[in-house]
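Student: Using the hints, position chains B, C and D against chain A.
Chains as they are written, first to last, in the numbering used here: chain A, 4 to 558; chain B, 2 to 305; chain C, 134 to 312; chain D, 11 to 177.
Hints were generated in silico from the structure; no laboratory data involved. The beta-carbon is built from N, C-alpha and C at its ideal position, and this holds for glycine as well. Each hint should be verified, as a subset may be incorrect.
Claimed, not checked - Here are the simulated EDC-like cross-link-like pairs (lysine to aspartate or glutamate), alpha carbons at most 16 Å apart as the crow flies:
| no. | chain 1 | residue 1 | chain 2 | residue 2 |
| --- | --- | --- | --- | --- |
| 1 | C | 261 | D | 167 |
| 2 | D | 23 | B | 54 |
| 3 | A | 440 | A | 380 |
| 4 | C | 139 | A | 138 |
| 5 | D | 159 | C | 229 |
| 6 | C | 245 | D | 164 |
| 7 | D | 87 | A | 138 |
| 8 | C | 261 | D | 132 |
| 9 | D | 159 | C | 228 |
| 10 | C | 147 | A | 138 |
| 11 | C | 245 | D | 117 |
| 12 | A | 224 | D | 117 |
| 13 | D | 166 | C | 229 |
Unchecked claim - These stretches of chain C come out as covered by chain A in the derived footprint (C-beta under 8 Å, 3 or more residues):
| no. | segment |
| --- | --- |
| 14 | 163–171 |
| 15 | 200–214 |
What the hints assert, rightly or not - Listed below are several chain C residues computed to face chain A (Cβ distance under 10 Å; list not exhaustive):
| no. | residue |
| --- | --- |
| 16 | 138 |
| 17 | 236 |
| 18 | 288 |
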Amino acid sequence: MKTDKNIVDELKNRFPGGILKVGELREGQLLVELRREDLPRVMEYAHNTLEGQFLTMAGADYVDSLNRFIVDYVLGWYEQGAVIIFRAVVPRGDESFPASTPLIPVADWYEREVKETLGLNPVGHPNPRKLLTSDDWPEDLFPMRKGFRNEAPPPVKADAKFPFIEPENAGSFNVVPYGPYHFAIHEPIYFRFHVDGERITAADLRAGFNYRGLEKIAETKMSYETIPFVAERICGICGSVHGEAYSQALERAAGFETPERARWIRAMMLEIERIHSHLLWLGVATHMVGFDSGLMQFWRVRERIMFLAELLTGNRKQYGMIVPGGVRRDIREDKREKALREVSEILAEYQELLDAALGLGTLQTRLRGVGYLSNEDARRYSVMGPVARASGVNIDARRDYPYEAYPHFEFETPVQTGGDVLARTVVRAYDTLESIKIVKQALETLPDGPVHTPIDYIPPDVTSVGLVEGPRGTDVHYLITGGEDTVYRWRVRAPTYANLPVTPLMLVGETLADATVVIGSVDPCISCTERMMVVDDRTGEERVISGQGSLEGIK
Amino acid sequence: MNLPVLALNLALAIAIAPLLDGLRRKITARLQNRVGPPLTQSWHDIIKLLRKETVLPEGAGLMLRVLPALMLMLSLAMFAMIATVTVQSPMDEGGIIFIELAVLSAFMFAIAGGMSGNPYGVVGGSREAILATLVEPSIIVSLTALLLFKGSLTLDDASRSLAFGGTLVVAAVAYLLSLLVESGRVPFDVAEAESELTGGYLIEFSGPPLAMLKLGQFIRATAMYSVPKLFLTALIPVGVTGDAFSIAVTALYMVSILLCTLLVSMAESLNARYRLLEASKFYAVVLIFSLLALVIAFYAPGWR
Amino acid sequence: MSSILKLLRLGIRKGRVTLRYPAERTPTPEGLRGRPVLDFDKCIGCGACAKMCPPNALTVEEKENVWTLRLYYGRCIMCGLCEEVCPVDAYRFSDEFELASATRSDLEVELKLLRVQCKGCGRYFTTKRVLEDAAAEYSELAGGYAGEFKDMIYLCPDCRRVKWSESLADAYREARHES
Amino acid sequence: MSPEDDLAAKAEKIRRLGRSPWVFPVNSGGCNGCDIEIVDTITPYFDAERFGVRVAPSAKQADILLVTGPVTRQSLKALMNAYEATPEPKLVVAVGNCACGGGICHDSFTVMGGVDAVIKPDAYVPGCPPRPEALLYGLLLALGKAEQKVRRSEFKEEGIDENRAAV
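Next up, chain A with everything else stripped away, as it sits in the complex:
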């Protein structure tokens, strides 16, 4: 079984002079420092040859004695449960680094974001357009730099335009704007389709509608105790996932061990959230293909989980339970029994509904063979969660990077190889079944003991990565601890950030009728992504995704 040490050794003998220093951050997480010129080659080797999953990439503005920027690429090897951070230094004054996007397309969004928020220019990046900031945000103002003051935003210009990508032969086609307020998708996401009749030939999307600068607020205004409440409000559906990933990263940086009972309750809250998120998606997906009773029936079962969450935490969502050091509310004995009864009823009701709804003929015809994603593409774009597991990529952070109380629970991870929307529906449906069983196990074997012990000391300037399997995939929080009781740099990479670049890939060739359900099948959580961007752009003809070129278009 290859361990992370072997991976680093393979890197060393592949790039003899390239690897400058290898440091051990915390168990299972290594820091590899290298020169910024070697970044693209090392990234391509690690991602394509060694088959590492691209987890996240973040830049940071160091105003300390060394006064320079750093650029960190984080890759994960799920089989070994290893995380390696590749760090390169970017000196102040010459803020640029060679882009890895031409070699590994998955780095496309991350590098654009670093350019936009920190001003580090990815040289050779095929699509250096805006990602997050609004159309009227000045090009040379970098919000995530330490120098930028939160209270001094430039005035709003109403007429700014976003340079959309028009494939050369766009003239004759009918351009269909889709969003930003679309009836079926409850979040502002703006697609521009080029359709030939009803067939989509090219797709381009613009987002940033949800960019609220939460990371800047966390750095400047919040402290370690209040950041979980910001983390939870990144997304209205999978709030605890972010709270847990942040707490996990912070506790790993401080080398802190949470009490056993708190770990049980945390795992249970995460699973309750997965159940409500998947049921929500199943309802919305069936609604998208016209089966409105599906929305009503799935959300009827979901409502019971919301009542259960309200019973345990006092709020239907945004539970406010998971904070660094443990959990804020204990579960009294009478509530535990009531919850146990409630969960077994939910299990029975869900199985009954699942058996009735999934077998529906008209529903299956609408979901089968739509929005196909091959196994290679799933790997090449490092997609996460149910989208990956539906295309045969068997990754699940609960099993591969065990955290909290998951080693004590038995659960399997459903994997399909169909790769279409139907496969994703089946994966999510049986994921929910597993989650309900986990909640049952958690409630039955809840150990005694304290639920929260304060963290006494958090060392400054420690890099740490928190990995949590959210409903949409692995949520990665990259954290550098700071001196004055708050984080120095906190980068949230939600799973949709990895899944959404793939949507135009699936959309091309589909009809307009299926566009909604294909976008929906990724279960995009736009607010999670906080920033979304264009997938493809024009770097000469071979990069454009258009009907003719379609998949070959991407190297």
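Tutor: Same frame as chain A, but now just chains B, C and D:
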């Protein structure tokens, strides 16, 4: 031209059509384990829409204002051609015009969509046109079989010339199946698919024009619902006694429109939406099926 | 075909599950985080909750002799940090959740307390209630030192530092004088 | 407009909406917790359709705009387009804390800080996220069918009004 019956029919149309839609929403809600709106909800919707301001896209032609009124008149005209609660129909020999109006109003929706200039409207309109070209023939054929069977062109229950035959049943089934599309609900609401085309051909309409279009839709659907009664009376000679008004005919009419509403709302709440392709294949089969009925009606006397 | 029948059975057998809200008040579980209620008598005006509140729903304004605490329910995320951090437990979560209002001002709670001047430099530095609370608590704590340092709490932090360093210097001179 | 005829105009607006308020959710950059609760109100347990509430497919056919989110800079243009496309008489309801006052990111550089920084809402529905019942209650309040329960409360310690209350 029988004026009192005409007046009764028109009044009936405007009164009952929204109520039937309210009933449809109530049955659908009940099948989704919820209480659902009051029966008069569609009434409230239309009244509210009549009082609202109209927001028109700039450069919208005159037709965008005129067309909804035209649509409403067409649907009301259909009611002038068919006998509902009374024995006689307001207009004699109205059968053929009834079929033409049905076909014309179907394509009127397509034109409404096309003219809105909004890409979704255009796509919705073109979908309505494609589906209409497949469904209308089966309606034409099944209604022709009915008229043929009755031996007279007036759509009422009086005359019954031919003996009962297999054709009538085949035509009735073909008509009921194509009724699902006429109501414009799932699984065949491809033209107005809310979650895909955000309102389809209705997207650019608001305020009074939208009210007229919606009312036109309701009245047209109710008119189509009242045809199955004629299939029933063809089997049971209820209205033959000749007096203007008979309880049995009214009861039969009520039963027939309620059954149609039940059929439509059951289909709506237990199915997902068909894609245009599958919907067209489904109706190609129904068309052949109804053509079969017509052929038998003409050439196989024994069978007739 | 069978799943259509199963769905039909599901629809009919489950019956209407709609809660009769707003006719009947739906039951809320114990421990619901509804509206945080500020007890005006208990609050001593220390401002810890305002420092801790993540969305700044609690804001403090100090002007002349008035210490104003404003709670705006339109921004409060009901997280309960104020309840945790309040030294005198002035916050309690009610289970009211029907907080809709037509105007913004109806969602505001305003508490005005008296501020006190420092005996040394005359600057307003804390509220009267904080002093009373500190005086009550301080007397048991200080024990032997009550007399000499009793009036220290009526000084603002700067004057207190000055006075404290003077008394240290005196003690040091005395000790040197005796040796 | 003096407050009286402002109220009169609003009452007239509500009367014309009658019993068929069509709703259109507008997410101006929030975390979509409130949007899911808006959809929750039309599911079986709460069933807003009892009051005639229906989610309109586009702003053109809507009567009440349920605005959620702190109005980020990027969605400001889209929000104003939706507001203009909604035909009169229309109501704007700010749903959730981000819309009522900017929520947890109220002073961020990319956020305008809530709906009332851009449009004056007819009703505020606080909550993070507001329960579906609270949302139903907010809708009924905006339609004048429920009276308001929460009132402004103030407390002045005695002796505050004399100018220099020395201790």
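Student: Of all the hints numbered above, which does this structure not satisfy? Sort the numbers upward.
Tutor: 3, 4, 8, 10, 11, 13, 17, 18
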